[in-house]
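With the hints as a guide, bring both chains together as one complex.
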Amino acid sequence: TQLLEQSPQFLSIQEGENLTVYCNSSSVFSSLQWYRQEPGEGPVLLVTVVTGGEVKKLKRLTFQFGDARKDSSLHITAAQPGDTGLYLCAGERTGTYKYIFGTGTRLKVLA
Amino acid sequence: DAMVIQNPRYQVTQFGKPVTLSCSQTLNHNVMYWYQQKSSQAPKLLFHYYDKDFNNEADTPDNFQSRRPNTSFCFLDIRSPGLGDAAMYLCATSSPGRETDTQYFGPGTRLTVL
Numbered sequence: 001t002q003l004l005e006q007s008p009q010f011l012s013i014q015e016g017e018n019l020t021v022y023c024n025s026s027s028v029f030s031s032l033q034w035y036r037q038e039p040g041e042g043p044v045l046l047v048t049v050v051t052g053g054e055v056k057k058l059k060r061l062t063f064q065f066g067d068a069r070k071d072s073s074l075h076i077t078a079a080q081p082g083d084t085g086l087y088l089c090a091g092e093r094t095g096t097y098k099y100i101f102g103t104g105t106r107l108k109v110l111a
Numbered sequence: 112d113a114m115v116i117q118n119p120r121y122q123v124t125q126f127g128k129p130v131t132l133s134c135s136q137t138l139n140h141n142v143m144y145w146y147q148q149k150s151s152q153a154p155k156l157l158f159h160y161y162d163k164d165f166n167n168e169a170d171t172p173d174n175f176q177s178r179r180p181n182t183s184f185c186f187l188d189i190r191s192p193g194l195g196d197a198a199m200y201l202c203a204t205s206s207p208g209r210e211t212d213t214q215y216f217g218p219g220t221r222l223t224v225l
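Chains A and B supply the protein sequences, listed in that same order.
Position 48 of the first sequence, counting from 1, maps to 48 under the working numbering, and the rest follow consecutively.
So the working numbering is basically just the index in the second sequence, starting at one, shifted up by 111.
Just chain B, with the same shape it has in the complex (with noise of 0.2 Å):
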C-alpha cells in the first residue's frame, strides 16, 4: 500500500547532540511537512517543501532545518537537541490539485532528549 514511513520510530538522543529524522513516501506526492506534536496537544507546523521549495514557518526555531533530496525523502535535522526538543515528530504529505486536498500522516518518532 501506498504510505508515508517514518524512521526511527522511536530516537533516543543526547542534550546537544545532533539527531536526523527521516521520511519517505510512496504517494509521490508534491508537498511535504514536519510537524512537531508535544503530549496531548495539536501538531504544531514546523515547515513544508513543496516540490523542492522550503517554507518554513515564521516561529520554527533554528536549531530545526530540513532537506528534500528528492520527491520521495524527507529529513528533520535538530542541530542542538535540548530538553523542550522531546516531543513527536510527525511527516505528512499531500497533493494539491491532484486530489482533494488531503494531508497523510505518517506514523511519527518519538524523540526523547536526555
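Just chain A, same shape as in the assembly (with noise of 0.2 Å):
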C-alpha cells in the first residue's frame, strides 16, 4: 500500500514567520499535487510537480519535488493569517490516474 506521510500534523505559528511541510513516501509518483482546503469547501490545487527535483514558486509559497520523486515540502515565506487552512499532498500513482493522499497537515497563522 502506497502511503503519504506528511509532517508536522498541526502548526500554529505567529504571522511573519516562516514554515516548512513535508510529505514523504517510500513509493515513486508520476506526478504530485499541493492543496490547500479550507473548512467546508474542496482542496484548491496550488501546484503540480512532475520532475524529480523541479522547484515551483508560487509568490511566497516553494515547492520542492524530491530528485527520486518520492517525497515532497512546501515552504511558506512570512506566513500570513490568510496561509491558514488544511494542506494535503497527493501523488498520483503511475499509469492508474489514481491518487493517494496524504495524511494533512493543519495550519493556523496567528495575527
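The set of hints was computed from the structure by calculation and includes no laboratory data.
Since this is a predicted model, take the numbers as computed values, not measurements.
Be careful, since some hints might not be right.
As the list claims (entries may be wrong) - When the alpha-carbon atoms are kept at most 30 Å apart in a straight line, the in silico DSSO-like pairs for lysine-lysine are as follows:
1. Lys70/A x Lys56/A
2. Lys56/A x Lys108/A
3. Lys98/A x Lys149/B
4. Lys155/B x Lys108/A
5. Lys57/A x Lys128/B
6. Lys163/B x Lys59/A
7. Lys57/A x Lys155/B
8. Lys163/B x Lys108/A
This is how it looks when you write it as C-alpha cells:
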C-alpha cells in the first residue's frame, strides 16, 4: 500500500514566521500536487510538480519535488493569517489515474 | 470559467433514506472521481470513472453506487445512509495525457444524516 506521510500534522505559528511542510513516501509518483483546503470547501490546487528535483514558486510558497520523486516539501515565507488551512499533498500512482493523499497538515497563522 | 460543480452544497437526509449527490464539469475531462472526507482527515477515494469505465475501490461499501450518464455529469447514490456516512463528499476530475496529470476538485457536498 502506498502511503504519503505529511509532517507536521498540526502547526500554529505567528504571522511573519516561515514554515516547511513535508510529504514523504517510499513509493515513486509520476506527479505530485499540493492543495489547500478551507473548512466546508473543496481542496484548491496550489501546484503540480512532475520532474524530480523540480522547484516551483507561487508568491510566498515554494514547492520542491524530491530527486527520486518520492517526497516533496512546501515552504511558506512570512506566513499570513490568510495561509491558514489544511494543506494536502497527493501523489499520482503511476499509470492508474489514481491519487494517494497525504495525511494532511493543519496550519494556523495567528495575527 | 471552466470548473467542477457540485449540487447541492448541503444535503440533509434521514437514516436509511436514499440520497443522490451530483457533480458536473465543464473541463471535458475523461476521469471523474468521488471522495469521502470526514472531519480533518484526508479525502478517501470511493470510486472513479475513466470515460464510461467504472472503477470501484475494494473497501467502498456496497451502499455507495455511482452513475455517469455522459462526460459532464456524475452522480453518487447512497442507497441507505447510515450515521457513519455523514461527511463531505468531493467530486474531482482529471485528464490523463492531455495535460500535466492533476485533479481539480469541486466545492463539495456536506451530507448530514439524521
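To see whether the hints hold, each was checked on the structure:
Only pairs whose Cα atoms come within 30 Å are accepted, and Lys70/A paired with Lys56/A is accepted, the gap being roughly 16 Å. Taken as a hint, the Lys56/A and Lys108/A pair is honoured in the structure, with Cα atoms around 23 Å apart against an allowance of 30 Å. Between Lys98/A and Lys149/B the alpha-carbon distance is near 19 Å, which keeps this suggested pair within the 30 Å criterion. Between the alpha carbons of Lys155/B and Lys108/A the distance comes to roughly 24 Å, so the proposed pair stays at or under 30 Å and holds.
Pair hint Lys57/A plus Lys128/B does not hold up; C-alpha atoms about 47 Å apart against a cutoff of 30 Å. Using a Cα cut-off of 30 Å, the hinted pair Lys163/B and Lys59/A is violated, with the two alpha carbons roughly 39 Å apart. For the hint linking Lys57/A to Lys155/B, the alpha-carbon distance of about 28 Å falls within 30 Å, and the restraint holds. Simply put, Lys163/B and Lys108/A have alpha-carbon atoms about 41 Å apart, too far for the 30 Å limit, and the pair is violated.
Figure legend: structure checked against the earlier numbered hints; hints not met, in rising order: 5, 6 and 8.
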